[in-house]
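Those protein sequence lines, which keep their order, are chains A and B.
Take the first sequence: its position 269, counting from 1, is numbered 271 in the working numbering, and each next residue is one higher.
Take the second sequence: its position 222, counting from 1, is numbered 224 in the working numbering, and each next residue is one higher.
For the record, the hints were derived by calculation from the structure and aren't laboratory data.
Keep in mind that a hint or two might mislead.
A pair holds if it fits inside one copy or across any two, identical chains being indistinguishable in the list.
Unchecked claim - Taking lysine-lysine pairs in the DSS-like style, the calculated list, with each CA pair at most 25 Å apart, reads: (1) K54 <-> K280; (2) K263 <-> K87; (3) K21 <-> K52; (4) K243 <-> K206.
Only a predicted model underlies this, so the values are computations on that prediction, with no experimental measurement involved.
2 protein chains.
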Amino acid sequence: MAKMTLTVLGSGSAYPSEKRFNTSHILSIDDKNFMIDCGEGAQIKLRQYKIKTHNLNHIFISHLHGDHCFGLIGLISTFAMLNRKSNLYIHAHADLEKILQPQIDYFCQQMPYQVVFNPINPRKNTVIFEDKTIQISTIPLKHSIPSCGFLFEEKTKNRHLIADKIDFYQIPVKQLHLIKRGADFITTDGELIPNSALTHEAEKPKRFAYCSDTIALSKNIPLLHDIDGLYHEATFAESEKDRAKETFHSTALQAAEIATKANAGKLIIGHYSARYGKVDKLVEEAKTVFNNTFAAEDGSVFEI
Amino acid sequence: MAKMTLTVLGSGSAYPSEKRFNTSHILSIDDKNFMIDCGEGAQIKLRQYKIKTHNLNHIFISHLHGDHCFGLIGLISTFAMLNRKSNLYIHAHADLEKILQPQIDYFCQQMPYQVVFNPINPRKNTVIFEDKTIQISTIPLKHSIPSCGFLFEEKTKNRHLIADKIDFYQIPVKQLHLIKRGADFITTDGELIPNSALTHEAEKPKRFAYCSDTIALSKNIPLLHDIDGLYHEATFAESEKDRAKETFHSTALQAAEIATKANAGKLIIGHYSARYGKVDKLVEEAKTVFNNTFAAEDGSVFEI
C-alpha cells in the first residue's frame, strides 16, 4: 500500500507571518513529491523541513491569488541555479504562464530545465495528470476568482494471488496477470474456479483531496465520497460566518460538515485568517460535527 | 543628531534558508524607514521584527537578481490588502517596472495606493532622493549585471547658537537663521563678531553606504571617504577569492580593505554564500585589516 503523507509548508492565508507562511503543501506518495500551492517562502520551508526536490516534478496551483503562487519564481530560479535538468510541470490557470514566463525569461537566463505549463479548467472535474499508479484531477471550487482543488487517487491495485491455490490448479504463468486483475480460471477439465478462490482482495487505493480556497460546496460530496484524507480550508471560525461568505471562504464547521457528508477518513483544516494565532477554537468547532479533525500548522506532517 | 540604525532582514545570498533569508535591510533614520533590497520573505521578516511600514515609503533595489527583489510583489500586495494610501517609491533599474507592473496589475486589482518606479542609472553617482534632512545617491558597482549601491547622507546641520552670546550682542531674531548657518555678525558699532564666538559646531552629518552585489572597487573610495557605516557584501572567504572574482563578488578581506581605505567608522559584512553556516572565519579575515567589522545576521540591528 502506498505511503501517502501531507507536509504543510504554510498554514496561513493572505498575510504571511513567521508562525504561518502562505499556503503551500507537499503531498508525498511513496517516492514522489507533489507540491500543492506555492506561497512566498515555500522554498525556504522545503529547505527547513529537508524535503527532497529531485522527485518534485509537478506543482498544482489552486488559483491565482498571490498567497498561493508568489513562491513560484523563487523556487524556479533556485532550481535553475542548482542546475536542475528534469522538466517541472505547473498545473494552473492559463493566466499563470502569461505572468510567470516573462519573469522566468528575465531572471533565469540559460535555464537548464524546462518549466511546462499545463493550463487547467477549474470549472469541471478533469484528469490533469496520471501515471501507472496515480491519477490527479481537478475539483471545481467556488471562490472570488476561478479556483479548483485537486483529487489525488491511487489507481486500483492488483489482487493478491494465493500461492498454494495457484500451485494446486497448476495455473500457467501467462494467465496470472489476468487473474490478478480479477479473472476466473477454467481448468483443463472445464471446471470454473472463481477468482475469489485464487486471490485475496487488493488494498483499497488511497485518495486525498485538497479544497482551497472555496466556500464549502456540497455539490462536490459525490467526488469526495469515502475520501481517506480531506484538506479543506477553514479560514474563519463560526463567529465570522458572514465574513467567510462575503470573501468566498469556509468556516471550520463548514469544512467539517463536508468531511462528514463525504464520509472522510480524516479532515485537515488550514489556511487560517491571520486573526487566529492559535486555532484551538476552529478545531473544537469542527470536532462538534467531525471528530477526526486535525489542524495544519507549518511543519505538520499527516499520514493519509 | 539623527538616530540611524540598520536592521538586517536577510543576510544570505542566492539560496535562502531558514537561518538566512535573501538580502533585505531596513535603514531607519529617525522616524523614516528605508528598505534596501527586498528578497523573498522580506515582508515576513518585517512582521517578525515588528518593523513599522507606515513610514516605509522608499525601496532601493541594487540590481535585478531574484535574491534582491523577489519579495517585492508580496510586500506590494500585502500593502494593498492593508489599504495603504501613500505612494511607495521603488528606486531600481528601469527593467523592474516592466517585470513588476504586470504582476501588480494582475494581482493587486483596485490598488488603494500607487507604486512609483524611479528608474536609476547604476553607472554614475547620482542623487535619487532628497528631503529636508537626507540625501540618497547611487554608488556605481561592478557585478555580472548592472548593479549599484546606495549612499545615505544626512544633510549638513545648523550650528548651535550660544544663548548668552546671542543675548549679549543683542542679535535680532531675523538674523539668527544666517548665524546658525555660519554667518558672522556685525554690531551696530561696526564691530565684526566671528561666527565661532556665537555658535558651537553642528554634529557631523551621518553617512551610511550599502555596497552589494559587487567586486570590491577602489574607485569608490573617494565617495565613501570617512563614511560612518559601510555595509559591504562579503559573499566569500579568502580561500574562495577566485570564485569571488569569477562571480563578481567580494571576499570579507576585500570588503575590509575598502573599509580601511575609506577610513570607515564601522564595517558590516553580509550576503554570505550558502556554503557558510557560521561566518566567524569571514569576520576573522576581515578583522585582520579592519578591526571594527561586524557580521550581519538575520535580525541584527546596527547603530550607525
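Quick rundown of the hints versus the structure:
{"no.": "1", "hint": "K54 <-> K280", "verdict": "between (29 Å within a copy, 24 Å between copies)"}
{"no.": "2", "hint": "K263 <-> K87", "verdict": "neither (44 Å within a copy, 45 Å between copies)"}
{"no.": "3", "hint": "K21 <-> K52", "verdict": "both (18 Å within a copy, 13 Å between copies)"}
{"no.": "4", "hint": "K243 <-> K206", "verdict": "neither (36 Å within a copy, 59 Å between copies)"}
In this structure, the hints that do not hold are numbers 2, 4, in rising order.
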